[in-house]
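> Chains A and B supply the protein sequences, listed in that same order.
What the first sequence shows, in our numbering, is residues 1 to 242, in sequence order.
What the second sequence shows, in our numbering, is residues 243 to 486, in sequence order.
Note that these hints are calculated values from the structure, not bench results.
All C-beta atoms, glycine included, are put in the ideal place defined by N, C-alpha and C.
Incorrect hints may have been included.
Straight-line C-alpha distance at most 30 Å; calculated DSSO-like pairs for lysine-lysine [unchecked claim]:
1. A:K130 - B:K334
2. A:K180 - A:K129
3. B:K316 - A:K12
4. B:K244 - A:K128
5. A:K7 - A:K180
Computed list of chain B residues with no C-beta within reach of chain A, every gap over 12 Å [to be verified]:
6. I264
7. V267
8. I286
9. E287
10. K290
11. I337
12. I342
13. L349
14. V360
15. K429
16. Q452
17. S464
Pairwise CB distance ranges (calculated) [unchecked claim]:
18. A:D200 - B:I350: 50 to 56 Å
19. A:G163 - B:I406: 34 to 40 Å
20. B:M243 - A:S124: 28 to 34 Å
21. A:F13 - B:A333: 20 to 26 Å
22. A:E115 - B:K282: 56 to 62 Å
23. A:Y73 - B:N430: 54 to 60 Å
24. A:Q76 - B:I406: 41 to 47 Å
25. A:E115 - B:I357: 41 to 47 Å
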Amino acid sequence: MIMIETKHLTKKFGDFVAVDDLNLSIEKGELFSLLGLNGAGKTTTIKMLSCLILPSSGNAIILNKDLIKDSQYIKQRINVSPQETAIARNLSVQENLEMIAGIYGISKVISNKVEEMITVFNLSEVRKKKARLLSGGMQRRLSIAMALITDPEILFLDEPTLGLDVIARRELWSNIKKLKEKTTIILTTHYLEEVEALSDRVAILQKGRIKAIGTVEEILNQTNTKKLEDAFVLLNEEEQTI
Amino acid sequence: MKYTYFAKRNFKEIVRDPLSLILAVLLPVFFILLFSTISKNAPIEIFKPLSIVPGITIFGFTFITMFLGLLIAKDKSTSFLTRLFISPLKAKDFIIGYSIPLLPFALIIGVVCLIVGVFVGLPVSMKIVYTLISFIPYILFSVFVGIFLGVVCNETQIMAIGNIYIIASALLGGAWMDLNILGNTIKNFTEFLPFSHAIEFSRIILSDRQENIWIHLIVVSSYAILFSFLSVYFFTRKMKSDNK
Chain A
1 MIMIETKHLT
11 KKFGDFVAVD
21 DLNLSIEKGE
31 LFSLLGLNGA
41 GKTTTIKMLS
51 CLILPSSGNA
61 IILNKDLIKD
71 SQYIKQRINV
81 SPQETAIARN
91 LSVQENLEMI
101 AGIYGISKVI
111 SNKVEEMITV
121 FNLSEVRKKK
131 ARLLSGGMQR
141 RLSIAMALIT
151 DPEILFLDEP
161 TLGLDVIARR
171 ELWSNIKKLK
181 EKTTIILTTH
191 YLEEVEALSD
201 RVAILQKGRI
211 KAIGTVEEIL
221 NQTNTKKLED
231 AFVLLNEEEQ
241 TI
Chain B
243 MKYTYFAKRN
253 FKEIVRDPLS
263 LILAVLLPVF
273 FILLFSTISK
283 NAPIEIFKPL
293 SIVPGITIFG
303 FTFITMFLGL
313 LIAKDKSTSF
323 LTRLFISPLK
333 AKDFIIGYSI
343 PLLPFALIIG
353 VVCLIVGVFV
363 GLPVSMKIVY
373 TLISFIPYIL
383 FSVFVGIFLG
393 VVCNETQIMA
403 IGNIYIIASA
413 LLGGAWMDLN
423 ILGNTIKNFT
433 EFLPFSHAIE
443 FSRIILSDRQ
453 ENIWIHLIVV
463 SSYAILFSFL
473 SVYFFTRKMK
483 SDNK
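Work out the full structure: start from the sequences and follow the hints.
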């Protein structure tokens with residue numbers, strides 16, 4: 001089943017084309033990574049697909065609904081963990097989770113869902129602690145737990161491990177791997193090892209356009225390289241040479 | 243009722259910032275006690291409880307504007323509001339969610355100031371309850387100005403504008419001084435602002451003065467309605483501005 005299908009999706013800010021004629025489809029249960037340099041259009045793509053900004057032209061079908069016309073339907077069924085940690089700083093871990101669950105209207109099973117998230121993300125020791133007092137890694141985990149408590153059919157993770165140390169990053173990878181079984185995940189990242197460790201498929205974006213798309217192996221074959229980093233550098237060098 | 247969860251969060255954010263309580267509750271209480279003490283030693287009419295208590299209470303409500311503006315500006319500057327814009331909350335949910343938590347908070351300020359007023363000499367009567375009710379239009383005005391500033395300005399701008407707003411409301415409202423001493427030009431100017439009307443409205447309700455309250459009520463209510471439209475318009479525009 002196709003969860004996301006973009007059709008000539010384009011976003012312009014004035015004369016600047018942030019996302020240019022994007023065509024891709026993402027299957028149910030896939031972990032799809034968007035990879036690219038700064039300004040490649042990763043975050044703008046996620047913002048469009050999560051109904052935060054409208055495309056300048058083109059469209060997308062998400063969960064069989066029109067991105068532009070049915071945004072309220074889509075919003076209820078997706079969630080996002082933004083690039084910056086998006087938490088209510090003066091609320092405790094538990095209160096943050098309860099708030100998001102309530103806003104998405106899952107109040108009947110709210111306590112069960114909160115307990116589930118606290119267990120999955122190992123937040124039990126800090127459940128009563130105010131979010132602003134948590135470490136960066138814990139805040140990031142909470143931010144992702146807040147996105148997952150609504151049981152989204154599609155989860156957008158915008159650079160989820162940015163600024164985390166190696167241990168916190170590995171712990172988060174482990175959490176993301178567990179999610180793959182029941183949620184379609186779209187991940188943006190700068191970290192190539194993260195893409196290799198987690199992704200089913202990858203799209204390498206450059207100046208808003210797809211330069212390569214496929215599994216890591218397919219991209220290595222396309223570029224005749226042995227490492228994703230080499231493929232990534234090669235694809236970006238090609239553009240700069242042009 | 244999704245906004246109730248958002249409203250709860252906003253209430254907690256404000257209450258858990260101790261500075262809010264100190265400024266919004268203790269500062270007006272301090273001023274009431276201070277000016278009442280002065281009035282015992284100097285026969286200044288405006289420092290007497292019937293004048294100073296409504297004036298200082300209205301002044302206390304201006305802090306609501308500041309807190310709300312700062313809260314929204316902070317939410318804007320982090321990804322927290324982005325997360326909520328992606329949620330099923332609509333513009334009206336945001337407006338209600340930001341407004342409702344401030345109402346009990348404003349009620350607390352009003353009740354505390356009036357109770358302190360009784361201690362410094364306000365006669366106990368039903369007029370105290372009517373005075374509390376008379377604060378409502380100005381409380382609504384303060385809330386909507388807070389939303390408007392929070393949406394339009396960033397944190398630094400709100401700190402600057404908020405300070406000017408608080409000082410202007412105190413000086414141009416006549417909370418603790420007779421506006422006639424400012425001269426005709428400034429006095430006439432204050433007639434076009436809601437501050438002095440809000441104070442006079444509550445003073446007339448609290449006292450035995452037989453004066454027309456309607457002009458004061460109309461001016462304050464008009465400002466409240468104007469800023470309710472402005473806050474809704476600019477908030478909706480903010481949500482859509484990311485959609486361009």
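> If a hint holds in the structure, say so; if it does not, say that too.
Verification of the hints:
no. : hint                        : result
1   : A:K130 - B:K334             : holds, 28 Å
2   : A:K180 - A:K129             : holds, 29 Å
3   : B:K316 - A:K12              : holds, 27 Å
4   : B:K244 - A:K128             : holds, 23 Å
5   : A:K7 - A:K180               : holds, 25 Å
6   : I264                        : holds, 16 Å
7   : V267                        : holds, 18 Å
8   : I286                        : holds, 42 Å
9   : E287                        : holds, 43 Å
10  : K290                        : holds, 40 Å
11  : I337                        : holds, 15 Å
12  : I342                        : holds, 14 Å
13  : L349                        : holds, 22 Å
14  : V360                        : holds, 34 Å
15  : K429                        : holds, 43 Å
16  : Q452                        : holds, 48 Å
17  : S464                        : holds, 34 Å
18  : A:D200 - B:I350: 50 to 56 Å : holds, 55 Å
19  : A:G163 - B:I406: 34 to 40 Å : holds, 37 Å
20  : B:M243 - A:S124: 28 to 34 Å : holds, 29 Å
21  : A:F13 - B:A333: 20 to 26 Å  : holds, 23 Å
22  : A:E115 - B:K282: 56 to 62 Å : holds, 60 Å
23  : A:Y73 - B:N430: 54 to 60 Å  : holds, 55 Å
24  : A:Q76 - B:I406: 41 to 47 Å  : holds, 42 Å
25  : A:E115 - B:I357: 41 to 47 Å : holds, 43 Å
In summary, this structure violates none of the numbered hints.
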